[in-house]
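> Heads up: the protein sequence lines correspond to chains V and D, in order.
Per this note's numbering, residue 3 is the first one in the first sequence, and the count goes up by one each step.
Per this note's numbering, residue 107 is the first one in the second sequence, and the count goes up by one each step.
Just so you know, not all the hints are guaranteed correct.
Unchecked claim - Under 10 Å between C-beta atoms, here's a sample of chain D residues computed to sit facing chain V: (1) T108; (2) K125; (3) T132; (4) D134; (5) E182; (6) Y219.
Unchecked claim - Taking CB as the label site, the calculated pair distances span: (7) P200(D) x V179(V): 31 to 41 Å; (8) P290(V) x C115(D): 30 to 40 Å; (9) N227(D) x R367(V): 43 to 53 Å; (10) R294(V) x N227(D): 35 to 45 Å; (11) V179(V) x I314(D): 48 to 58 Å; (12) A353(V) x D186(D): 31 to 41 Å; (13) R252(V) x C115(D): 44 to 54 Å.
What the hints assert, rightly or not - Below, a list of computed lysine-lysine pairs in the DSSO-like style, where the Cα atoms sit at most 27 Å apart: (14) K119(V) x K42(V); (15) K119(V) x K48(V); (16) K301(V) x K280(V); (17) K396(D) x K427(D); (18) K316(D) x K192(V); (19) K382(V) x K191(V); (20) K191(V) x K377(D); (21) K259(V) x K308(V); (22) K432(D) x K377(D); (23) K192(V) x K178(V); (24) K191(V) x K178(V); (25) K45(V) x K162(V); (26) K34(V) x K48(V); (27) K354(V) x K382(V); (28) K174(D) x K218(D); (29) K257(V) x K392(D); (30) K107(V) x K162(V); (31) K45(V) x K159(V); (32) K192(V) x K259(V); (33) K316(D) x K471(V); (34) K283(V) x K159(V); (35) K192(V) x K427(D); (36) K396(D) x K236(V); (37) K396(D) x K191(V); (38) K174(D) x K192(V); (39) K259(V) x K328(V); (40) K218(D) x K471(V).
If you're looking for bench data, these hints aren't it; they were derived computationally from the structure.
For every residue, glycine included, the Cβ atom is placed at its ideal position computed from N, Cα and C.
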Amino acid sequence: MAARDAPGGAGPEAAAPVPAGLQAPELSQEEKLQLRKEKKQQKKKKKSEKGPAAEPPEVGTPSEPGQPRGAQPAPAPVLADGINDGEKPTGGKSKAELRAERRAKQEAERAQKQAKKAELNQAATAAKPRLTPTEPQSVVKRLPEHVQVDDPAAQRKLAKKLERQQVPLRQDYGTKVNLFSHLHQYSRKKPLTQQMSIPSTVIHPAVVRLGLQYSQGIINGSNARCIALLEVFKQLIRDYSTPPNEELSRDLVSKLKPHISFLTQCRPLSASMGNAIKFLKKEISCLPDSLREEEAKEKLQDTIDKYLREKIVLAAEAISRSAFEKINDNDVILVYGCSSLVNRTLCDAHAKKGRAFRVIVVDSRPRLEGRETLRRLVRKGIHCTYVMINAISYVLPEVSKVLLGAHALLANGSVMSRVGTSQIALVSKAYNVPVLVCCETYKFCERVQTDSFVSNELDDPDDLIVLRKGQAQLGGWAENKSLRLLNLVYDVTPPDLVDLVITDLGMIPCTSVPVVLRVKSVDQ
Amino acid sequence: QTDVLVLSCDLITDVDLYKVVDLFRTHDATLSMLMKKTHEPTEVVPGQKGKKKPVEQRDFIGVDDTGKRLLFMANEADLDEELVIKRSILQKHPRMHIRTGLMDAHLYCLKKYVVDFLVENRTITSLRSELIPHLVRRQFSSPSVQQGLDNKEEDQKKKEQASLDIYSFIKEDNSLLKPAPDNSCWNDHRGDMNETLHEGKVRCYVHIMKEGLCYRVNNLGLYIEANRQVPKLLFHLGLEEPLVHGSAQITDKGMVGSDSIIGSSTQVGEKTSIKRSIVGSMCTIKDKVKITNCIIMNSVTIEEGCCLQGSVICHNAVIEKGADIKDCLIGSDQRLEARGK
């Protein structure tokens, strides 16, 4: 009986979180751990016990999966009643009988849960160990679709969703490197508009144009993309008219969804765009119902303007001013690639004529964005040097600080930026050169990433083919079965390589990013 | 309210339209058009006496290195002896390819303000020969020149007409893309200190088709050529209809060549050979007729023993027995007597 008591004693504890979990949508961390411990114990007990207690759950298992969901809420209140009854034994039953009843119910419950777990494990992707096992009623943290390309179930869901929204699905191009087979790889020569009618009926033409400009690389850079996106949304709102019997706040959000899917198909959304869209959706859903359509549209456009002005334009100015304090006389500043914010900072600093400094522009293939930075800086009269990224260890001894731009700042303090940034940060650390990252707060993202593999973007591999004297060595890469081309767009710099992050809220160390995120979410 | 796509109705093409429109969309162009490399016509065109002079009809088209941006367009008829190219074009686009073998497909994507400009400007009568070259020329001239002329008081009427500058129609509030290019790091040219796209507001783009079907059947030769290509192309276009229509009554199936098209309800007699021809519907072709390389329209009656080569026979014509027709154009409702030549 003592042995039986132990599972019996452990049983109510296991049973108690279960109904609590059934009724509340989230299981807390402790409850999850508890459940896992219980399961381990039960498995051990099962192996030791060869009595009939082991068999009824097994017999019960085949029948249980048949009605896991329906039966679950039913046992829950029954179980709750059972527990209450157990604590205050009614006169009708003896203690032993009650305990046996309870035990049987708990075994059945446990068997149900295990069967369900087995089901869910089969359904969940085996290739994603990071995917948290979905508890039946808990909040599921889903991986975004654009990093699940090698999972056919997720892709089918995506295809169905796109079909429903009447957005064409873009086909992947070329064989991908195995490590990155979970990401999309598109070809620039096959734009999405190939599959769309002219004039486009479902997607607003301004959005089609924007998507095309994204996919062809005409609009590049986190800030530029976000600004263009918001402008196009303003136009969408202007051209929108509420259908009868619909509310603007709900209908507009659902109208925006196909457009956002289309833009995602053209090019995966950046963190800044994601944050802007979240903000916009929240604004739309918070619109008071009393407003007329015209006023509501006006108000929305004003909020978008305000967001643009505050988070992007004014933030850029604030960052430029803070960064100016960090630039000393006779400084040698290293910049990488083309960041609109860094360019603006340097141009403003030069215009203030207080400090004399020179700039070393580091560039890398295949984008060669550094040339654009070079052009803009030289036009303003700043003294510049241009090197390729393989030369940084030669120039770093004379560099006094490194100024980098960011695509997004992740919640653990890592900086997500153009590929090559982490290289520069690493080598700078080796040479003891301070690394400053300029980033507006609207690019702060709640994602956590420690490596550059999980969530990245693959660009067109044909960009890597270079024509020299009329010959393209890599031209026939598709025919060669063992050759894969990889054109990564982003990489993640760990927070210990970055010395300071200059934001519009001030100059903060990398580890304070979660604090800022928390403050931001409290504000909203 | 929006941008327009202008098509001429005598265009037969299988171009991917999205390519032309994408050029328009991507670069926010004022004009985007379609062109095709032409082939010299080889076959003799019926009904034409004397050789055509193809030289006068040539167009000089200048495109930049990428083959997308249209820099220069002039018709040979407008030029005397020299080709004049503005220096500003060469400064901005050092490499320009000039081509003469291109045929304009008359398919244009135009921005809305061009339509407004057309409405205001009464002097422009033809799209192709006036508006398009005007737009191409204005790409590289600055708007300020026109502004100066605006202020003059004398000859106001004349100036009014001249000052209808396309630039004045470009609305400034259409600044959707204005902040974005400042932040975006894309540039269409290298080795230059200028801003992307040279800050030109008027931009013309052209999509040049290399292969594929594109015919403008605005003259006879092209019409015949197009008709001849149709049997081969119907296959490509995926049309399921057989070349010989189901309701046509043909007694001798073997005599009809595989690249001929016979319309519906046509009756073809015995021993009639039809090669490389297109026969319309409701025709009656009697026995012992030889038809080669012809285009026969609907409701034509051809009596016995005729021999037709390289001709175009229009609707409702009647050709009597024994006629021998070579390289002719026969109009509608004509009646040719027997044994004619």
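> A separate judgement is required for each hint: does it hold in the structure or not?
Structure-based check of each hint:
no.: 1; hint: T108; result: holds (7 Å)
no.: 2; hint: K125; result: holds (9 Å)
no.: 3; hint: T132; result: holds (5 Å)
no.: 4; hint: D134; result: holds (7 Å)
no.: 5; hint: E182; result: violated (33 Å)
no.: 6; hint: Y219; result: violated (16 Å)
no.: 7; hint: P200(D) x V179(V): 31 to 41 Å; result: holds (39 Å)
no.: 8; hint: P290(V) x C115(D): 30 to 40 Å; result: violated (53 Å)
no.: 9; hint: N227(D) x R367(V): 43 to 53 Å; result: holds (48 Å)
no.: 10; hint: R294(V) x N227(D): 35 to 45 Å; result: holds (40 Å)
no.: 11; hint: V179(V) x I314(D): 48 to 58 Å; result: violated (36 Å)
no.: 12; hint: A353(V) x D186(D): 31 to 41 Å; result: violated (52 Å)
no.: 13; hint: R252(V) x C115(D): 44 to 54 Å; result: holds (45 Å)
no.: 14; hint: K119(V) x K42(V); result: holds (14 Å)
no.: 15; hint: K119(V) x K48(V); result: holds (17 Å)
no.: 16; hint: K301(V) x K280(V); result: holds (17 Å)
no.: 17; hint: K396(D) x K427(D); result: holds (12 Å)
no.: 18; hint: K316(D) x K192(V); result: holds (17 Å)
no.: 19; hint: K382(V) x K191(V); result: violated (36 Å)
no.: 20; hint: K191(V) x K377(D); result: violated (53 Å)
no.: 21; hint: K259(V) x K308(V); result: holds (23 Å)
no.: 22; hint: K432(D) x K377(D); result: holds (20 Å)
no.: 23; hint: K192(V) x K178(V); result: holds (17 Å)
no.: 24; hint: K191(V) x K178(V); result: holds (17 Å)
no.: 25; hint: K45(V) x K162(V); result: violated (40 Å)
no.: 26; hint: K34(V) x K48(V); result: holds (21 Å)
no.: 27; hint: K354(V) x K382(V); result: holds (12 Å)
no.: 28; hint: K174(D) x K218(D); result: holds (21 Å)
no.: 29; hint: K257(V) x K392(D); result: violated (64 Å)
no.: 30; hint: K107(V) x K162(V); result: violated (41 Å)
no.: 31; hint: K45(V) x K159(V); result: violated (35 Å)
no.: 32; hint: K192(V) x K259(V); result: holds (23 Å)
no.: 33; hint: K316(D) x K471(V); result: holds (24 Å)
no.: 34; hint: K283(V) x K159(V); result: holds (23 Å)
no.: 35; hint: K192(V) x K427(D); result: violated (58 Å)
no.: 36; hint: K396(D) x K236(V); result: violated (68 Å)
no.: 37; hint: K396(D) x K191(V); result: violated (50 Å)
no.: 38; hint: K174(D) x K192(V); result: holds (17 Å)
no.: 39; hint: K259(V) x K328(V); result: violated (43 Å)
no.: 40; hint: K218(D) x K471(V); result: violated (43 Å)
Of the numbered hints given earlier, the model fails hints 5, 6, 8, 11, 12, 19, 20, 25, 29, 30, 31, 35, 36, 37, 39 and 40; all others are met.
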